[in-house]
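Undergrad: Given next are the chains, with one letter for each unit.
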Amino acid sequence: MAFGKPRRRHADEDQRIMPLINVVFLLLIFFMVAGQLSKTDPVKIEPPVSESEKKPGERLVQLLITSDGRSLLNGADVPVDALQGALADVLGTGAAKTVHVKADGNADARHVIAVLDRIKAAGAEKVKLLTSAGSGR
Amino acid sequence: MRRRAVISLTPLIDVVFILLVFFMLASSFMDWRTLELGVARPGGGDVTGAMLVELRHDGLRLSGENFTEDRLLRVLSARFADDPAQRVLVKPGEGVSLQRAVDLVERIAAAGGREVSFVSSAEGG
Chain R
0 MAFGKPRRRH ADEDQRIMPL INVVFLLLIF FMVAGQLSKT DPVKIEPPVS ESEKKPGERL
60 VQLLITSDGR SLLNGADVPV DALQGALADV LGTGAAKTVH VKADGNADAR HVIAVLDRIK
120 AAGAEKVKLL TSAGSGR
Chain Z
0 MRRRAVISLT PLIDVVFILL VFFMLASSFM DWRTLELGVA RPGGGDVTGA MLVELRHDGL
60 RLSGENFTED RLLRVLSARF ADDPAQRVLV KPGEGVSLQR AVDLVERIAA AGGREVSFVS
120 SAEGG
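Protein sequence lines correspond, in order, to chains R and Z. By the count of numbering that gives the first Met the number 0, the first sequence reaches residue 136 at its end, each step adding exactly one. By the count of numbering that gives the first Met the number 0, the second sequence reaches residue 124 at its end, each step adding exactly one.
FYI, nobody ran anything at the bench for these hints, they're computed from the structure. It is possible that some hints are incorrect.
[To be verified] A few chain R residues facing chain Z, derived, Cβ under 7 Å: (1) Asp13; (2) Val22; (3) Leu25; (4) Ile28; (5) Pro47; (6) Ser49; (7) Glu50; (8) Asn105; (9) Ala113; (10) Lys119; (11) Val126; (12) Thr130; (13) Ser131.
[Said to hold, decoys possible] Over 12 Å on every C-beta distance to chain R, these chain Z residues come out as not near it, computed from the model: (14) Arg60; (15) Ser62; (16) Gly63; (17) Ala80; (18) Arg86.
All figures in this text were calculated on a predicted structure; none of them were measured in a lab. For glycine and all other residues, C-beta sits at the position ideal for the given N, C-alpha and C.
Construct the entire structure; sequences and hints are all you get.
TA: See below:
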């Protein structure tokens with residue numbers, strides 16, 4: 000039967016596939032609008048959960064601290080001892096005075112605080128810790 | 000009408016599917032927030048007159064005395080009622096995760112603390 004009317008079969012197929020396209024288009028628009036495209040971090044970081052309401056602004060200088068204590072400045076591995084110098088170089092260009100710290104929630108708090116101390120010593124005006132809002136837990 | 004039906008929708012669906020998969024994988028739904036942190040230095044001028052809360056893995060200590068979290072928050076909020084500008088320093092001990100430290104700072108802030116900061120335990124203190 001289908002071989003007899005090829006044209007008709009084509010049109011039928013299009014008709015049948017239309018709801019699928021509708022749904023796929025809706026999903027596509029949802030993901031385009033609701034999600035943000037952002038550069039992924041070179042290491043996996045589970046940020047601490049907080050109730051803070053403040054949204055992060057532009058992140059020009061970002062320091063990552065992993066749960067095992069490694070630190071990455073703007074994506075590049077920097078040993079903790081060299082951090083102060085590297086940060087002073089970055090901050091010295093005058094582009095930004097705020098440092099965003101994205102630290103893992105399981106990282107040792109003392110280590111993170113020691114790093115924060117170095118950031119202040121390197122001349123940052125503000126240090127902001129990035130956290131995630133609630134739902135993740 | 001006939002002519003239009005000749006063009007199949009399949010290539011369109013292919014492209015749309017590829018776009019869909021791309022956006023599904025590439026977009027993140029993480030809701031980022033920030034916490035502005037102060038870090039006091041032990042021995043510095045900004046430490047005088049501040050209350051030092053030690054956060055250890057086995058509990059909380061305020062001026063050498065063990066506290067439960069509820070009791071600590073009650074004591075602190077009574078203090079904040081007298082003096083809203085009272086500074087509180089949180090000093091995490093060994094083996095305390097950042098998550099716990101952040102939780103404590105947030106609860107102290109919720110109890111009325113306006114000046115809550117971390118203190119590094121590097122030197123003395």
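Undergrad: Restraint: leucine 25 of chain R near chain Z, CB-CB cut 7 Å. Satisfied or not?
TA: The hint is violated - leucine 25 of chain R has no Cβ within 7 Å of chain Z, the shortest such distance being about 10 Å.
Undergrad: Does the nearest C-beta of chain Z fall within a distance shorter than 7 Å of the C-beta of threonine 130 of chain R?
TA: holds, 5 Å
Undergrad: So glycine 63 of chain Z supposedly isn't at the interface. Is its beta-carbon more than 12 Å from every beta-carbon in chain R?
TA: The claim holds: glycine 63 of chain Z sits with its nearest Cβ about 20 Å from chain R, beyond 12 Å.
Undergrad: Please verify that hint: lysine 119 of chain R, Cβ, nearest Cβ of chain Z, below 7 Å or not.
TA: holds, 6 Å
Undergrad: Non-interface claim for arginine 86 of chain Z: all C-beta distances to chain R beyond 12 Å?
TA: holds, 16 Å
Undergrad: Close enough to count: is the Cβ of valine 126 of chain R nearer than 7 Å to one in chain Z?
TA: holds, 5 Å
Undergrad: Taking the least C-beta to C-beta distance, is valine 22 of chain R closer than 7 Å to chain Z?
TA: Cβ of valine 22 of chain R sits 10 Å from chain Z, so the hint is violated.
Undergrad: Minimum Cβ distance from aspartate 13 of chain R to chain Z below 7 Å?
TA: holds, 5 Å
Undergrad: Using the nearest Cβ pair, does glutamate 50 of chain R come within less than 7 Å of chain Z?
TA: holds, 6 Å
Undergrad: Under 7 Å is the threshold here; is the Cβ of serine 49 of chain R close enough to any Cβ of chain Z for the hint to stand?
TA: Holds, because the Cβ-Cβ distance from serine 49 of chain R to chain Z comes to roughly 6 Å (cut-off 7 Å).
Undergrad: Under 7 Å is the threshold here; is the Cβ of isoleucine 28 of chain R close enough to any Cβ of chain Z for the hint to stand?
TA: violated, 9 Å
Undergrad: With a cut-off of 7 Å on the beta carbons, see whether proline 47 of chain R makes it to chain Z.
TA: holds, 4 Å
The structure fails hints 2, 3 and 4 (numbered hints given earlier, in ascending order).
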